[in-house]
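Enquirer: Sequential numbering from 23 applies to the sequence shown in the working numbering.
Bear in mind the hints are in silico, worked out from the structure with no lab data behind them.
This list has only true hints and no planted wrong ones.
Below, simulated PhoX-like cross-link-like pairs (lysine-lysine); rule was C-alpha separation at most 25 Å, straight line:
hint, residue 1, residue 2
1, Lys140, Lys128
2, Lys125, Lys58
3, Lys143, Lys88
4, Lys106, Lys70
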Amino acid sequence: MAIGIVMPTIAQNANLNKQQTMAYINKLYKTAYRYKETKIDTVTVDGKVLTVFLSSGQHFRSDIAKADVLVIAKVKSGYQIRFKSSPSTEEILWAIQTEDDAKRLKNALEHLGRLVKKEKKTDPFAG
Numbered sequence: 023m024a025i026g027i028v029m030p031t032i033a034q035n036a037n038l039n040k041q042q043t044m045a046y047i048n049k050l051y052k053t054a055y056r057y058k059e060t061k062i063d064t065v066t067v068d069g070k071v072l073t074v075f076l077s078s079g080q081h082f083r084s085d086i087a088k089a090d091v092l093v094i095a096k097v098k099s100g101y102q103i104r105f106k107s108s109p110s111t112e113e114i115l116w117a118i119q120t121e122d123d124a125k126r127l128k129n130a131l132e133h134l135g136r137l138v139k140k141e142k143k144t145d146p147f148a149g
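Take these sequences, add in the hints, and give me the full structure.
Expert: Pasting the structure below:
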């Protein structure tokens, strides 16, 4: 008789705070990302904007609190996560090697989006 132990992944836990969710996204995306010689330095969130910093010095910003559905798409460089209404060139996360990692990152991004939407506005100049 085989006994299995099931351990839920951390991103499926709705009780995670913003910092824990960002730590999960950072760790998983750094492992899941593969594109040429570029690596992920870090992923940050400031207000409702997610920023991906690459080892090449480039960075890409996305508003993760949009009222839109996130989708996973299979592309030449792997999988990408973007808003359903966005063109394929406006991905939030890209070059994800496995569909399972893409699903986990999508779940974490959705959770993070819910968290940032609930936060009180602290920027006095934000709209």
